[in-house]
Structure formats: structure tokens, C-alpha cells
Amino acid sequence: MGQAKVDVLIPLILYFLFVYFLGFYSLKFVSRARQTKGKNFLVEYLIGGRSLGGFVLAMTLVATYLSAGSFIGGPGAAYTYGLAWVYLAMTQMPTGYFTLAVLGKKFAIIARKINAVTMTDFLKERYENKLVIILCSLSIVFFFTASMAAQWIGAARLLEGSVGLSYTTALTFFGVTVLVYTTIGGYRAVALTDTLQGVVMTVGTAAVIIAAIIVGGGVSNLVNGLYAIHPGLISPYGVDPQFTSAAWVTSYWILVGFAIVGLPQVAVRAMSYRDSKSLKEAIIYGTIVSMVLLLGMHLLGAFGRVLIPGIEAGDLVVPTIITSLFPNWAAGIILAGPLAAVMSTVDSQLLLAVGAIVNDIYVNLINPRIKKTASLAFAASVFLGIIIFIVAYNPPPLMVWLNLYAHGGTIATFLWPIILGLYWKKANAQGALASIITGIGSYMLFHNFWPRPLGMHTIVLPLIISLATFVIVSLFTPGPSKKIIERFWGP
Amino acid sequence: MSNQKNTELELKEDPRYKQCNREALWGLALGVANLVWWFAWGYGLGNKPPEEYTYILGFPSWFFMSCIAGAILFSLLAIAVVTFFFKDMPLEADEKYREQKEN
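Note that the protein sequences, when read in sequence, are chains S and X. Going by the numbering used here, the first residue of the first sequence is number 190, and it counts up by one from there. Going by the numbering used here, the first residue of the second sequence is number 23, and it counts up by one from there.
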């Protein structure tokens, strides 16, 4: 690539400046909370003082769970496998309403009762077990660091490929921005930038798909074009029916649809909204925005096969289509969409990892009386940022290995302890521990020895096994103390 | 023994939870219905050689019905469910009750 393309870069720089502005705007709230000591600071810093309205909640939720995968990897796969991959992507459609309705108001009410600011806070009060806290916090710190590094690499490659910056410059540019606004502004900055990013993604996606359909001479023309390249491109079985089999594609409903409830960065959003009206609005906005984004981006990938045949690397499909459909300055604005998708996922993960270190490990286990939570939180996020930068610059084998398990491992850790803890009075610490250990353990085993059990995605059976373990162990061991039940269920 | 346990568990519940549980079930029902719709149209109409496909607005019918019509229908259903079956309620912890207990 070599030469930087200035006219693509300028809109991107303006966009980044606006992101910085939101960070500094949120700093005001954080500084105010800093005057108060201890936990109050963390309530502002980690969940924005439980004050999000419906639109911001919807945008931060959608932007967080739609990651680089949905904007770069997903369309790239749709380019290769055709409409079958768009079909697969639509299994994420329910996330907008499902997460918020299932965790729902009960989760928000309990979070207020026990003053929880992280998922681990919730699990700590519900199970009163140190080992559960340690496992959950470590799972967040390790899995998230690995997956954040992978996403930083993706973002840097995107900047490198489309703007012509060198990899190092791109990585620094991206990393410093995320780190600065997350560190100074906390959750409020993350939610506000997510909202900006969600709007940019939605408008950008709509613009790109409409342009693609017009350039391609209408939907019929494009679908005929796909059929002419390979009839499988317009079938739900794809070009390789062995690979995109019905059982495997359908099991994505578990992986990216329903089990998303178990991702801490998604679930924590369900304790950050202001009132029941915000929840209602968020479900409506969230569902519509996910529909536009999922359909738009993946159809773009599939149609891209007809518009620009012969793109070799899947990661380059979206940037290539965008830069060839639009003049450079507009491409710069639209490219902010995929970058925003990465940023909005990474910032939430960064904040949660900071929460895990400061709130879950330090405040909960080491020194509950600490006053200076603010300085500790800033230090932790700068420290994590530097680690991720080093990892992304030259990924060590351990991180590559961890990233393989990051998504499934996080779900296997958190899904059942959250859901059963919320809805089943008999769920106890022994059950939660057994479920976390069998969940992560069996997921790693299946991943290596039987990656497609019964034709389904690896995650399905481990989730069933860990659910069964949880229920059986809880039934055969003493139930939670009366104090816990009263605290969670009492009026 | 087990009887005693049961009465212990039968404490007075936060009155808001009944409605909360109902709303969670609505979410679950909507999700499962969405899966069934997606699967039935997608594999129902798509399960034949592409030469025999019919088309709606240019898209193969299986794709249009499962992905496009399905997405629009379930967005509308989600709006209907939260509008008609979700109730507004305060989310705050009841301070009065807490004070009583602490005294």
C-alpha cells in the first residue's frame, strides 16, 4: 500500500477527534464521582451511574455484541458462502430483544438491591464463594485480553489496508484512542461513543447496501449473478453443504443468539439503564438496528461476489467494496463503521477487565476498605492497554491459543451462573463452580477432539453438560442460605 | 426435613418479580418462535435444487421469507410485546423495607 490516502484519512481523523471529545465530556461526570469515595466512584465509572436512557442503551448493547466478526469476518464469509452465510448471520437477530427481556427488570432490580457494578459483583452476592469470584475474574481478564488483542489486530489491518498507514502507526492510532477515552471517561464514555458508533454503523450500512444494489442493477440481477457463479451461493446449504449443514447453521442460534446473555460485556448493560421505560425503548431500537446492520452488512458481502469478483482475503472484502463504490472522502466516513464496531466491542471489554481487576479482585478480595478506587482504575486500564498493545504488536502463542477459546469460554463461565442465579432459588455455589469448571473444561476438550458433536457447533454440548452439572450438584448439596434468598427474592 | 425447607423457601417475594418473570418468558417465547419461523421457511423452501427456486422481490423465496420477512415480522412482534405486555415499574430497592430490617 505504501502511500497514505489523505482524503480517506481526513474524515477518519475528524471522527476520532469526536470520539475524544465524548471521552472528555464524560470525564466531567467521572471527576464529580471522584469527589465521593469508594464504591460511588465505581458506580459511575463502571456502569455510568445507572442512568442510561433507551436509545443509548440499545446502541451500546448492539454495538458491543456486534464485533469485528459481524463487520469484517462475517461479510467476508458471506462473500465465500453466499446467502447461506447471511442466513446464518440472522441467528443474531433476537439478541436485541432476547437479552434485555430475559435478564429484564429483575436483573436491574437485584443489581440495585445489592449495589452490583460488575457481573462478578452479582455472582459474589448470589453465591458467596471466593472461588467463584476468582474463576470469573480470571476468565474475564485472560479471555478478554486475548480477544481484545485479536480485535486490535483486525482494526489495525483495516486501517492499513484501506488508508495505507503502516501497521505500527495504525495500531498506535487505534490503541491510544480507545485507551484514552475509556480510561478517562469510563462506562459513560463507552456508552456515548458506542451510540455515536452505532449511528455511524447503521447509516453507513444502509448507504453501502443501497449503493451496492443500485450499482449491481437491482436484487434480481445480483441474485442471478450469484447463481451463475455457483448455484450453491443462493441456497441455504451454501457452496459446501458439508460445511454449512443444517445442524451446524442452526446451532448458531445458541452460539450468537441466545447464549449472548452469558457474555458479561452484554449482561452488564442490563444493570445500567435508568428505568423501565428505557428498557422498553431499548428493545425496540435495538431490534430494528440489529436487523439493519446484520442484513445490510452480510448481504453486502454476498453481493460483493458479483460486484467485485476475485477478492482473495476475506478481511479485505468490506474495505475493498466500500472504497470501490464511493469517492474517497465518503469511503472514509463509511469505513468508520467497521472501525466503530471494533472500538465499541473493545472498549467494553477493556472496562470490564479493569472492573475485574479493581472491583472484583482488589476491592472484593484484597482490600475492601480502599478509598482511592479511581487511581487504581486508571492505573489498571493503562497497564492493560500496554499489555494488549504489546500482544497485538507481536502475538505470543499463548494469546493466539486463548483467543480460540475466548468467546465460548466466556459464555461457558457466565451463562448458567447468571441465569440460574437469577431465576432458580436452589442454585448454589457448588453448582455454579461445577458448572464453570465442566463448561470451560468440556468446551476445550470438544474443541480439540470432537469439534462438531452431532453436526452442531462446539459450544452446544458443553453448555448442556454444564447446565446438567449445575442442576444435579445444586440438588444434592445444601441450598443457598436464608440470607441470600431474602436479599435476592425478598421485597 | 424437606417440608421444613419448603416453608423456609416460601418467603414473601418482591411483588414486582411476578411481572418480571412473565416478561422474561415473553422474551423466551419470542426467541423460540423466531427460531422456528427462520428454520421452517429457510429449510422448508430452500431444501430443493436452486434451479427450482421461486423468487420474491428478486430474492429466493426461502431467503426472503426467513430472513427479510422474518426480521421485519419479529421486530414488529417485539414492539407489540413490549408495548402491550411489559409494564412500567420502579426499579429502585425499597428503602423503607431496608431501614426497617436494619433497625
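Among these hints, one or two may not hold up.
[Said to hold, decoys possible] If we take Cβ atoms under 7 Å as the criterion, some of the chain S residues that face chain X in the derived model are:
| hint | residue |
| --- | --- |
| 1 | Lys194 |
| 2 | Tyr286 |
| 3 | Lys295 |
| 4 | Pro430 |
| 5 | Gln431 |
| 6 | Ala436 |
| 7 | Trp437 |
| 8 | Trp442 |
| 9 | Ile477 |
| 10 | Val481 |
[Stated by the list, open to error] Here are the simulated DSS-like cross-link-like pairs (lysine-lysine), alpha carbons at most 27 Å apart as the crow flies:
| hint | chain 1 | residue 1 | chain 2 | residue 2 |
| --- | --- | --- | --- | --- |
| 11 | X | Lys109 | S | Lys469 |
| 12 | X | Lys70 | S | Lys671 |
| 13 | S | Lys302 | X | Lys70 |
| 14 | X | Lys34 | S | Lys615 |
| 15 | X | Lys70 | S | Lys672 |
| 16 | X | Lys70 | S | Lys469 |
| 17 | X | Lys109 | S | Lys302 |
| 18 | X | Lys70 | S | Lys614 |
| 19 | X | Lys70 | S | Lys615 |
| 20 | S | Lys614 | X | Lys34 |
| 21 | S | Lys671 | X | Lys34 |
| 22 | S | Lys302 | X | Lys40 |
| 23 | X | Lys70 | S | Lys466 |
FYI, nobody ran anything at the bench for these hints, they're computed from the structure. Just so we're clear, the structure is a prediction, and the values are computed from it rather than from any experiment. Quick reminder that beta carbons are idealized off the backbone N, C-alpha and C, glycines included.
Verification of the hints:
no.	hint	verdict
1	Lys194	violated (34 Å)
2	Tyr286	holds (4 Å)
3	Lys295	holds (4 Å)
4	Pro430	violated (11 Å)
5	Gln431	violated (16 Å)
6	Ala436	violated (11 Å)
7	Trp437	violated (13 Å)
8	Trp442	holds (5 Å)
9	Ile477	holds (5 Å)
10	Val481	violated (9 Å)
11	X:Lys109 - S:Lys469	holds (9 Å)
12	X:Lys70 - S:Lys671	violated (58 Å)
13	S:Lys302 - X:Lys70	violated (55 Å)
14	X:Lys34 - S:Lys615	holds (16 Å)
15	X:Lys70 - S:Lys672	violated (59 Å)
16	X:Lys70 - S:Lys469	violated (41 Å)
17	X:Lys109 - S:Lys302	holds (20 Å)
18	X:Lys70 - S:Lys614	violated (48 Å)
19	X:Lys70 - S:Lys615	violated (48 Å)
20	S:Lys614 - X:Lys34	holds (13 Å)
21	S:Lys671 - X:Lys34	holds (12 Å)
22	S:Lys302 - X:Lys40	holds (17 Å)
23	X:Lys70 - S:Lys466	violated (46 Å)
Hint compliance for this structure: hints 1, 4, 5, 6, 7, 10, 12, 13, 15, 16, 18, 19 and 23 are broken, all remaining hints hold.
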